[in-house]
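**Student:** Listed below are the residues making up each chain.
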Amino acid sequence: MIEVRGLGKTFHRPDPIVAVDGVGFHCEPGEVVGLLGPNGAGKTTTLRILATLLSPDVGSAAVAGHDVVEEPDQVRRSIGYLSASTGLYPRLTARETLTYFAELHQVPDAGRRVDALMERFEIGPFAHVRCDRLSTGMKQKVSIARAIVHDPPVLIFDEPTLGLDVLVAQTLLAFIEERRAAGRTVLFSTHVMREAERLCDRIAIIHKGRILAEDTLDGLRARTGETDLEQVFVQLVESAGE
Amino acid sequence: MVLRKELRETLRDPLVLVNAFLFPLIIIPLILWGATQFALLQAGSAEQEPPRVVVAEGVPDAVRAALLDEPIEAAALPAEQADLDQSDIDRLLRDGAFDVRVTLERQGDAWTAHVAHDSTRRRSVRARRLVVERLQEQSEVRVRALAEARGLDPARLAPPEIAAEDISAADERWSELLGEMLPIVIFASLLMAVIFPAVDTVAGERERGTVETTLVTATHPAQVALGKVAAVVFIGLCAMTGNALAVGLTVVQFVVTLGGVDTGALAFDLGAILLALPALLAATVAIVAATVLAVLPTQSFKEGQQRASYVLIGGMVAAMLAQRNPRDLDVLGALNPLTSPIGIIRDAVRGTLGWLPALVATAVYLACAAALLGLAARKLRDESYLLGGPARGKGDPEEPDRGGDA
Ligand SMILES: Nc1ncnc2c1ncn2[C@@H]1O[C@H](COP(=O)(O)OP(=O)(O)O)[C@@H](O)[C@H]1O
Ligand SMILES: [Mg+2]
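Chains as they are written, first to last, in my numbering: chain A, 1 to 242; chain B, 1 to 406.
If you're looking for bench data, these hints aren't it; they were derived computationally from the structure. If you're wondering where the values come from, they're calculated on a predicted model, not measured in any experiment. Just so it is clear, CB atoms sit at the ideal spot from N, CA and C, and this is done for glycine as well. Certain hints may be false.
Claimed, not checked - Partner residues are not named here, just some residues of chain A that face chain B (Cβ under 10 angstroms, in silico):
1) V58
2) S60
3) H66
4) D73
5) V75
6) S83
7) F101
8) R112
9) R113
10) F121
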């Protein structure tokens, strides 16, 4: 479903900085994969390349069988993308927001789909409230509903729980599990070990733009001889530093 | 679709409404209307109050009688005249006890008439004008009498008559006036209405984190971007039209009530205005593109607004420079996109816009818009300008990028 090979991206502003350096990993259908790494590791940049927002300097990536450089339109149709700093249009209502995105995604029968989503996420009572007046939890629900308004086979979430309170974060994690059960591919980035531990079928650990390891949690434990993911991480970073 | 959403959203922004519509549509006419009323009031009150003139002793009776004829009213100094020195009299004049005091001084055959007045009071100024006119008439009368006494024909002494004639038609004068006032107002309102929504669609959306997701949909990002640009342009043009009408009508009202121009003489050349529209449309797109380009490399909304206000100021300076050249726009002038918008608007108002300059200007604006948008697209492709750049507060040098030309 997602196939990343030797991906590299260097930013030139203000100084040259190698944000992503030969990243490679893959995700199967029905799999939840976590991209785990500290701040500045290159998670966002990688996910943006997958979402066709940035073009890679080297390497290739394919989503749902489509190359991100060759067939960006197909890729965009196949993914539900939730960015790290995701925001809503403050002056649109929840319903208008969902309808707008359904239209952008060219969803047939948009009205019905929006109704269904509002029911699924219990947004109904707030359908006509402007987004700037919604509570944080409700906003996040609208954001998620917006990302999957076209029922995409692949979900790409960039630090989806960042800045959320515990309860909302729980709802979100539950939603990711539900997607997996529905056979969707989920790739999400995080720097929180526990989230990765709880949800992921496999984990790709990224540090300074490089993938240090990509394996199941058990595989990672076996490889490093540590049980705690945090220790696993520390060990990987240390052995990479040598 | 994007256009509809953007319009809906933008029009819900109270700030945009105030900036683009309320201010120009209501405030400007109100101010002009107030000014008209004030001017009328002033004119009216001066009409009603007769000038009061004090004529000092020693002025010949014939002159005195001529000076104090209608509508001038004779005024007298208080009874204890003898005690008044010059400064007392001046004070009385300043306090408005009367409006002008005339004294005659004679040295041999030469006469000097002193006309004391207070230029800070309208009534006094009016009185002085009347008094001076009458004194001149009187001196002519005297010269004529002297000439006759010596057997000369007074007609031969008369200075040549000066008959100034205005051969311009009323509607020409009128369109000249509008051509002077309207372009800068229209252009300014266009800039104001366009630039801040443009900042909002770039820096505002970035700050709120709303762009990123809109660019990852089945709709091509270029299409989304064009929709946004179109929305801003549309709002700008609406505001501009509204402003042009508001200011135009107010000026008409001004001219009709104060200038005494017949309403029937006011006519616009619809053809010239239609000719200007495509050019203005293209110019608006170019302005939006320039703003977008200026704002893209900024880090925050504030900085974006600041950059945009440079664009605004630059535009206004160019407009003012262009304003100083009142010639009709020719093809050469149309090639300069910085100054030609004013020329286009002015000539459209005056009805003198030629199709060739209009066409050339349109082409130039379109080329500018395309080039600027192309540059913006290029910037977007290889750096994540729209996406908010690197995470902030993380050991990253946060020095703002100066270059708009990399
Ligand atoms: N638009 C950009 N311009 C310049 N540098 C960037 C930009 N985006 C990210 N970077 C840099 O690239 C590196 C990786 O960033 P990012 O992918 O955002 O990491 P993460 O999401 O893992 O925190 C960081 O050093 C960051 O400063
Ligand atoms: Mg990130």
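**Student:** Using Cβ atoms only, decide whether F121 (chain A) comes closer than 10 angstroms to chain B, and label the hint accordingly.
**Tutor:** With Cβ-Cβ at 16 angstroms, over 10 angstroms, it is violated.
**Student:** Does R113 (chain A) meet its interface restraint, that is, does its C-beta lie within less than 10 angstroms of any C-beta in chain B?
**Tutor:** violated, 13 angstroms
**Student:** Grab the minimum C-beta distance from H66 (chain A) to chain B and call the hint holds if it beats 10 angstroms, violated otherwise.
**Tutor:** violated, 13 angstroms
**Student:** Using Cβ atoms only, decide whether V58 (chain A) comes closer than 10 angstroms to chain B, and label the hint accordingly.
**Tutor:** The hint is violated - V58 (chain A) has no Cβ within 10 angstroms of chain B, the shortest such distance being about 14 angstroms.
**Student:** Holds or violated: the hint that D73 (chain A) contacts chain B, with Cβ atoms closer than 10 angstroms.
**Tutor:** Since the shortest Cβ distance to chain B is 7 angstroms, the answer is holds.
**Student:** Classify the hint on V75 (chain A) as holds or violated, based on whether any CB of chain B lies nearer than 10 angstroms to its CB.
**Tutor:** holds, 9 angstroms
**Student:** Should the hint that S83 (chain A) touches chain B count as held when the rule is a Cβ pair under 10 angstroms?
**Tutor:** Status holds, d = 4 angstroms.
**Student:** For the hint on S60 (chain A), just tell me whether its beta-carbon gets within less than 10 angstroms of chain B.
**Tutor:** violated, 17 angstroms
**Student:** How about R112 (chain A): closest beta carbon in chain B under 10 angstroms, or not?
**Tutor:** violated, 18 angstroms
**Student:** Taking the least C-beta to C-beta distance, is F101 (chain A) closer than 10 angstroms to chain B?
**Tutor:** holds, 7 angstroms
In this structure, the earlier hints numbered 1, 2, 3, 8, 9, 10 are contradicted, and the remaining ones agree with it.
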